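Assemble the whole structure, with the sequences as input and the hints as a guide.
Here the protein sequences come in this chain order: P and X. Just so you know, we're using the numbering used here here: the first sequence kicks off at 1 and counts up by one. Just so you know, we're using the numbering used here here: the second sequence kicks off at 1 and counts up by one.
Calculated directly from the structure, the hints in this document are not laboratory data. A couple of the hints might just be wrong.
[To be verified] Computed list of lysine-lysine pairs in DSSO-like fashion (alpha-carbon distance at most 27 Å, straight line):
# : chain 1 : residue 1 : chain 2 : residue 2
1 : X       : 168       : X       : 156
2 : X       : 128       : X       : 64
3 : P       : 65        : X       : 168
4 : X       : 156       : X       : 126
5 : P       : 65        : X       : 156
6 : X       : 168       : X       : 126
[What the hints assert, rightly or not] Computed list of chain P residues with no C-beta within reach of chain X, every gap over 12 Å:
#  : residue
7  : 19
8  : 47
9  : 56
10 : 190
11 : 196
The structure presented is a predicted model; accordingly, all values stated were derived computationally and were not measured. Glycine included, C-beta positions come from ideal geometry on N, C-alpha and C.
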Amino acid sequence: MDLQSFIQSGLLESYVLGQCTRSERVLVEQMLAQHPEVRAEMSAIEQALEGYATSQAIAPPQALKGQIIGAIGREAGPLSTRPRSGGTLLLFQLLALGLLAAAVFLFFQKNKEAEEKTALSKQVADIEVRLNACDQSNQDLRDIINVLRSPETRPVKIGSGGDNEKLNTYVFSNKSRCKVLLDMSGMPTAEQGKHLQMWAIADGKPQSLGMINLQSLGGLQEFECVQGAVAYAISVEDKPEGNPTPTVVLMSGALVE
Amino acid sequence: MQDQLIIRLKQQDRAAVGDLYDAYNGALYGVVLRIVQSPELAQQVLQDTFVKAWRNAASYDASKGRLFTWLLNIARNTAIDATRTAHYQHSRKTDNLDNLVHQPGGSTLNTDVLGVREVVNTLDDKYKSLIELVYFQGYTQEEAAEETGIPLGTIKTRLRYAIGELRKVFVAVLIFIVSSFAISSFVIDRHWGIGRDEMTNDEMTINDPISK
Chain P
1 MDLQSFIQSG
11 LLESYVLGQC
21 TRSERVLVEQ
31 MLAQHPEVRA
41 EMSAIEQALE
51 GYATSQAIAP
61 PQALKGQIIG
71 AIGREAGPLS
81 TRPRSGGTLL
91 LFQLLALGLL
101 AAAVFLFFQK
111 NKEAEEKTAL
121 SKQVADIEVR
131 LNACDQSNQD
141 LRDIINVLRS
151 PETRPVKIGS
161 GGDNEKLNTY
171 VFSNKSRCKV
181 LLDMSGMPTA
191 EQGKHLQMWA
201 IADGKPQSLG
211 MINLQSLGGL
221 QEFECVQGAV
231 AYAISVEDKP
241 EGNPTPTVVL
251 MSGALVE
Chain X
1 MQDQLIIRLK
11 QQDRAAVGDL
21 YDAYNGALYG
31 VVLRIVQSPE
41 LAQQVLQDTF
51 VKAWRNAASY
61 DASKGRLFTW
71 LLNIARNTAI
81 DATRTAHYQH
91 SRKTDNLDNL
101 VHQPGGSTLN
111 TDVLGVREVV
121 NTLDDKYKSL
131 IELVYFQGYT
141 QEEAAEETGI
151 PLGTIKTRLR
161 YAIGELRKVF
171 VAVLIFIVSS
181 FAISSFVIDR
191 HWGIGRDEMT
201 NDEMTINDPI
211 SK
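Pasting the structure below:
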């Protein structure tokens with residue numbers, strides 16, 4: 001369409017009056033963009049109509065200006081954080097609530113985790129203590145086994161149950177390592193209030209090796225050896241710390257080289 | 001001047017709204033009142049128009065038309081919506097206008113200094129009423145044809161002619177305004193020297209480097 005026909009067509013008037021169809025609008029806007037004559041023509045149409053509207057102007061009441069400026073004042077500014085619609089406001093509120101809930105949850109979670117951590121640390125510490133005790137026990141048992149295996153160790157039978165074969169009590173003596181092991185498996189249980197004491201016979205005299213602990217580890221109790229011991233004995237005592245000389249000798253046995 | 005106003009509006013400068021109101025309130029109110037017929041409703045519509053203009057300032061495209069056209073479209077559409085939602089029953093007869101014009105709620109603006117109204121009124125009735133229907137009331141040309149019983153083709157031609165006549169009026173007015181402004185500025189400057197204080201002759205010679 002050439003420029004003149006376009007201008008004469010009345011499309012520009014329709015555009016200014018807001019009455020174009022969509023496709024007409026597109027065409028007019030194209031022509032506006034491409035031809036300054038079209039822009040000038042439209043501007044003239046607009047100004048004519050604007051002048052006419054102004055000539056027919058009616059003044060509103062004086063108070064309206066302030067009212068309108070007030071209404072604008074209540075509108076959101078360029079950097080306002082007011083959400084644009086009720087739906088968005090609700091979204092923001094839900095989001096804020098969600099974040100708050102998350103923060104609270106995380107806080108309690110962290111507390112709980114700290115508590116759990118402390119509990120676990122304590123458990124670990126406890127386990128370590130037990131482990132150390134186990135290691136020590138293992139070492140002690142290995143020592144006992146070593147003594148028992150040693151070719152220098154001599155078993156000394158110091159008692160028998162007579163009729164009851166189960167009550168054979170042995171002492172294992174190792175002179176070079178100076179160890180005396182009493183085997184608990186053959187020991188009688190002490191009566192209530194009575195205590196068993198261990199003796200070594202040397203130079204014709206009994207020497208106390210200590211009180212017997214029936215709960216000894218591995219079922220064997222170690223005593224310090226006495227040089228020149230030729231025999232061993234067990235006595236029954238009244239006092240838990242024992243006596244300097246045996247009261248009642250329960251059993252005894254001589255070392256056979 | 002209009003460019004500045006547009007820039008300020010797009011920058012959401014609230015002070016710009018006052019200037020916008022001052023420039024266009026009468027023209028817009030005249031259109032709106034003629035559509036809704038009720039002053040209270042017209043004032044509400046005018047307020048809504050300015051608020052919408054404020055909110056949608058970013059969408060105004062100066063390459064697609066003048067600011068007033070944009071505002072008028074907003075005002076007209078808001079007014080037409082108001083008559084629909086209010087189930088407003090009224091006859092669209094333009095002879096009611098005189099009553100409205102002289103009501104306490106509205107008064108004629110003194111834009112008539114240049115006798116524009118008289119000149120416009122010399123325009124033939126059939127052209128005036130057509131512009132009234134189509135430009136102000138927002139009737140499409142088809143609706144106007146229906147309303148008036150005039151064939152659509154005739155409507156189109158008449159509309160174009162009417163606007164052409166208006167253009168003649170307002171070009172003349174524009175020339176008059178511009179030349180009056182130019183002449184008066186010239187006269188004032190010659191006589192009173194805008195921006196300079198009055199000086200005595202002695203002072204003028206002392207300060208004047210050329211006289212040395």
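Next on the checklist: Checking each numbered hint in turn, tell me which of them this model violates, lowest number first.
Outcome noted: Numbers 3, 5, 7, 8 and 9, in rising order.
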